[in-house]
Amino acid sequence: MSTSIASELRKLLGDDAVTDDEATLVAHSGDKWFAAEEPEVVVFARSASDISKLLKFASQKKIPVTARGAGFGYVGGCVPVRKGIALSLMRMNRIKEIHFADAIAIVEPGVITADLKAAVRAQKLFYPPDPASMKDCSIGGNIATNAGGPRCLKYGVTRNYVIGLEVVLADGEVLRTGGRVHKNKTGFNLIGLFVGSEGMLGVVTEITLRLLPLPPARATLSAAFATMSQAAAAVQEIFSQGFLSLSILMDRRRACAAKRLRFASYWRGKSQTRWKWRKAKLIVKNCGRFAASLATRFAQPG
Numbered sequence: 000m001s002t003s004i005a006s007e008l009r010k011l012l013g014d015d016a017v018t019d020d021e022a023t024l025v026a027h028s029g030d031k032w033f034a035a036e037e038p039e040v041v042v043f044a045r046s047a048s049d050i051s052k053l054l055k056f057a058s059q060k061k062i063p064v065t066a067r068g069a070g071f072g073y074v075g076g077c078v079p080v081r082k083g084i085a086l087s088l089m090r091m092n093r094i095k096e097i098h099f100a101d102a103i104a105i106v107e108p109g110v111i112t113a114d115l116k117a118a119v120r121a122q123k124l125f126y127p128p129d130p131a132s133m134k135d136c137s138i139g140g141n142i143a144t145n146a147g148g149p150r151c152l153k154y155g156v157t158r159n160y161v162i163g164l165e166v167v168l169a170d171g172e173v174l175r176t177g178g179r180v181h182k183n184k185t186g187f188n189l190i191g192l193f194v195g196s197e198g199m200l201g202v203v204t205e206i207t208l209r210l211l212p213l214p215p216a217r218a219t220l221s222a223a224f225a226t227m228s229q230a231a232a233a234v235q236e237i238f239s240q241g242f243l244s245l246s247i248l249m250d251r252r253r254a255c256a257a258k259r260l261r262f263a264s265y266w267r268g269k270s271q272t273r274w275k276w277r278k279a280k281l282i283v284k285n286c287g288r289f290a291a292s293l294a295t296r297f298a299q300p301g
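Just so it is clear: in the sequence shown, position 215 is 214 by numbering that gives the first Met the number 0, and no numbers are missing.
Accuracy of the hints is not assured; some may be wrong.
[Claimed, not checked] In silico lysine to aspartate or glutamate, EDC-like type, Cα no more than 20 Å apart, as pairs:
(1) K52 x D15
(2) K31 x D170
(3) K182 x D129
(4) K60 x E7
(5) K116 x E96
(6) K55 x E39
(7) K31 x E165
(8) K153 x E21
(9) K55 x E236
(10) K10 x E39
(11) K55 x E21
(12) K52 x E96
(13) K82 x E197
(14) K82 x E21
(15) K55 x D14
(16) K52 x D101
(17) K52 x E205
(18) K123 x E96
(19) K52 x E36
Please keep in mind that the hints were generated in silico from the structure rather than gathered at the bench.
Work the whole structure out from these sequences, hints included.
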């Protein structure tokens with residue numbers, strides 16, 4: 000049966016898009032979790048058109064299709080438990096556009112998260128979601144799982160930055176929802192429905208992401224607590240002190256940053272970089288003081 004499926008798919012999509020050798024089937028049988036099941040054939044999509052043709056074919060033939068990103072997850076979402084077709088999106092890895100004026104990026108699902116973050120940073124923009132596997136995971140996988148990361152408490156998760164989607168539905172129809180505007184509250188929230196759906200509602204083929212201004216500095220603190228209740232109390236204290244709003248305040252100051260830098264360079268030659276570095280060091284220093292005060296206040300025995 001698998002030979003017949005592979006043969007038909009090669010006629011439909013081309014020889015280079017379809018593979019059924021044992022090594023490729025094994026490589027696409029699971030993720031980093033322990034569950035695994037070999038598909039009958041692997042399709043490497045190159046465009047929304049490829050995916051539309053594939054899903055229309057699979058829908059008519061009633062063949063299961065399991066979409067797959069980088070395969071770096073730990074939830075088993077890309078395991079083809081019903082065999083059939085494993086649909087790989089890793090060849091769809093273009094960053095189509097980064098637009099500073101609109102503060103958006105338009106990408107394909109196979110783009111690696113860390114690559115996107117580096118590309119937008121080069122244009123003084125910021126994509127906040129930072130899953131722990133961002134050097135290996137893809138944006139499409141982030142969409143499927145609504146990935147977060149350590150910054151989610153402050154900035155939110157992937158869903159908060161998706162403002163437009165192109166999705167191919169199970170019958171091969173192509174759906175577009177949202178757009179490139181940051182405020183779009185008309186109609187049903189289909190984006191919120193697709194993000195986190197693990198590919199069960201359709202296959203995402205293009206994503207429009209909202210970006211933020213690049214923060215002028217950042218700092219990280221680490222604190223250890225004897226009990227969970229002490230850690231929770233420390234978090235509440237951080238909120239009450241307004242510490243997490245520090246970078247927001249600094250973002251508001253960006254409008255006058257150039258003027259401040261000109262004043263700084265008046266009395267110190269080539270001081271722009273030094274001035275920003277002093278500001279970053281001040282934040283880190285304050286973080287250290289704040290961490291020390293938290294340790295004193297909350298980490299006492301008993």
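- Hint check, failures only: Numbers 2, 3, 7, 8, 9, 11, 12, 16 and 19, in rising order.
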